[in-house]
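Quick note, the sequences are listed as chains A and B, same order.
Terminal number for the first sequence in numbering that gives the first Met the number 0: 210, no gaps in between.
Terminal number for the second sequence in numbering that gives the first Met the number 0: 210, no gaps in between.
No wet-lab data here; the hints were simulated from the structure.
A hint or two may mislead.
A pair holds if it fits inside one copy or across any two, identical chains being indistinguishable in the list.
Within a straight-line C-alpha distance of at most 30 Å, the following computed DSBU-like cross-link-like pairs (lysine-lysine) qualify [as the list claims (entries may be wrong)]: (1) Lys204 - Lys101; (2) Lys101 - Lys123; (3) Lys155 - Lys123; (4) Lys123 - Lys139; (5) Lys128 - Lys176; (6) Lys176 - Lys208; (7) Lys101 - Lys128; (8) Lys101 - Lys176; (9) Lys176 - Lys205; (10) Lys155 - Lys205; (11) Lys139 - Lys204; (12) Lys101 - Lys208; (13) Lys176 - Lys155; (14) Lys155 - Lys128; (15) Lys139 - Lys155; (16) Lys208 - Lys128; (17) Lys128 - Lys204; (18) Lys201 - Lys139; (19) Lys139 - Lys205; (20) Lys101 - Lys205; (21) Lys128 - Lys139.
Protein chains: 2
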Amino acid sequence: MEFYNTSVIQSWERFYRANFINSLTGFKSVSLVGTADESGNENLGIFSSIVHIGSDPALVGYINRPRMAAPHTLANIESNGIYTINHIQPSFLEQAHQTSAKYPPEISEFESVGLTPEYHENIKAPFVKESNVKYALSLKEIIPISHNDTFLVIGKIEVVQLGGNFVSPDGFIDLNKAGSICSNGIDSYYATSSIGRYEYAKPGKKPQKIN
Amino acid sequence: MEFYNTSVIQSWERFYRANFINSLTGFKSVSLVGTADESGNENLGIFSSIVHIGSDPALVGYINRPRMAAPHTLANIESNGIYTINHIQPSFLEQAHQTSAKYPPEISEFESVGLTPEYHENIKAPFVKESNVKYALSLKEIIPISHNDTFLVIGKIEVVQLGGNFVSPDGFIDLNKAGSICSNGIDSYYATSSIGRYEYAKPGKKPQKIN
Chain A
0 MEFYNTSVIQ SWERFYRANF INSLTGFKSV SLVGTADESG NENLGIFSSI VHIGSDPALV
60 GYINRPRMAA PHTLANIESN GIYTINHIQP SFLEQAHQTS AKYPPEISEF ESVGLTPEYH
120 ENIKAPFVKE SNVKYALSLK EIIPISHNDT FLVIGKIEVV QLGGNFVSPD GFIDLNKAGS
180 ICSNGIDSYY ATSSIGRYEY AKPGKKPQKI N
Chain B
0 MEFYNTSVIQ SWERFYRANF INSLTGFKSV SLVGTADESG NENLGIFSSI VHIGSDPALV
60 GYINRPRMAA PHTLANIESN GIYTINHIQP SFLEQAHQTS AKYPPEISEF ESVGLTPEYH
120 ENIKAPFVKE SNVKYALSLK EIIPISHNDT FLVIGKIEVV QLGGNFVSPD GFIDLNKAGS
180 ICSNGIDSYY ATSSIGRYEY AKPGKKPQKI N
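Let the sequences and hints guide you as you build the complete structure.
As structure tokens, this is what we get:
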């Protein structure tokens, strides 16, 4: 067993600590967030800190870094009120990772990395055409997190697009079928394989797999 | 391409919608949250909405359901100020899933499902002995999310325990080596396999894999 306490963690070099802490929290639903400013200039960024908040209403959150570190996505969401979240498949992972490079605001990451913007009626934010699982959100609230100047950005799901028949009879989306990947830490990406689904648990009853 | 808009989603039966929306956000870092009340009564619950907030200070958040739906974990964290998060390996997945059954507050899920509480000096919350990757957090803030009565619970990492040598030379924790799993939706669990790590991205430079 290896132990690390606060003072050990605090003593580490900055990048070592970032790698360690970022990977400690586990696998993440890495996705591309698509936005546009009021003139229609497009922005695309890779985000991994996406979190399910509720199903009814359908609310999704993500953590946005401090304004100085990642200004374009947040500014576009604030001015436009709408944004898209797009899953990543291995076929365009290199392009997705490359969106994390620091491009000037007038440069579209779509064009720079080689991904295709796609629009849906009434949604003034670009989807990623190549993505098999994508959804648009209307901004509900931006909650500042005072401890480190980050933000919890909460949106309501407005429209969902799936690139095939990935939905099981009970509503569950089979992300293995869709080819969605996940991430860990700052820079590591993973494919997944299903272990199984388990029935709703009840006290005194052994967990049963859903076949 | 299949489209679903707000009114379609709203028209669905409750469990169908919950399965769909919960799986739409992608793979999640499913973990067991260990707490104790002031008398030392232990509680263990499975949570999937864990989110990295920052590395310096090392902050982790998770979404807690409304108080009526999931009262024990939140009440224990509020009264005790400390809690643990424990990754899940396939070897004890059934037990981990079973903690989601609605046990009365005086019943320890550890005992009911067959997992072993473990204590570390000065941490008044139980770790899961069987877990290979686990950490304790001190409560920093509970932020209410008004839209659906959930909460973002933010904690600072106080101590980390790893069950083996999973840390790469640059600080990255190899969760494949540790055997940590991830989840999707309400009830589906996954093993992962590495696609690769990519170097820090720069404009005009093709993404390079870290060997």
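Tested hints:
no.	hint	result
1	Lys204 - Lys101	between (53 Å within a copy, 11 Å between copies)
2	Lys101 - Lys123	within (23 Å within a copy, 43 Å between copies)
3	Lys155 - Lys123	within (15 Å within a copy, 38 Å between copies)
4	Lys123 - Lys139	within (16 Å within a copy, 37 Å between copies)
5	Lys128 - Lys176	within (17 Å within a copy, 35 Å between copies)
6	Lys176 - Lys208	both (19 Å within a copy, 25 Å between copies)
7	Lys101 - Lys128	within (22 Å within a copy, 43 Å between copies)
8	Lys101 - Lys176	neither (33 Å within a copy, 32 Å between copies)
9	Lys176 - Lys205	both (29 Å within a copy, 29 Å between copies)
10	Lys155 - Lys205	neither (36 Å within a copy, 35 Å between copies)
11	Lys139 - Lys204	neither (40 Å within a copy, 36 Å between copies)
12	Lys101 - Lys208	between (45 Å within a copy, 19 Å between copies)
13	Lys176 - Lys155	within (25 Å within a copy, 37 Å between copies)
14	Lys155 - Lys128	within (21 Å within a copy, 39 Å between copies)
15	Lys139 - Lys155	both (6 Å within a copy, 27 Å between copies)
16	Lys208 - Lys128	between (35 Å within a copy, 25 Å between copies)
17	Lys128 - Lys204	between (45 Å within a copy, 23 Å between copies)
18	Lys201 - Lys139	neither (35 Å within a copy, 33 Å between copies)
19	Lys139 - Lys205	neither (40 Å within a copy, 36 Å between copies)
20	Lys101 - Lys205	between (51 Å within a copy, 14 Å between copies)
21	Lys128 - Lys139	within (25 Å within a copy, 40 Å between copies)
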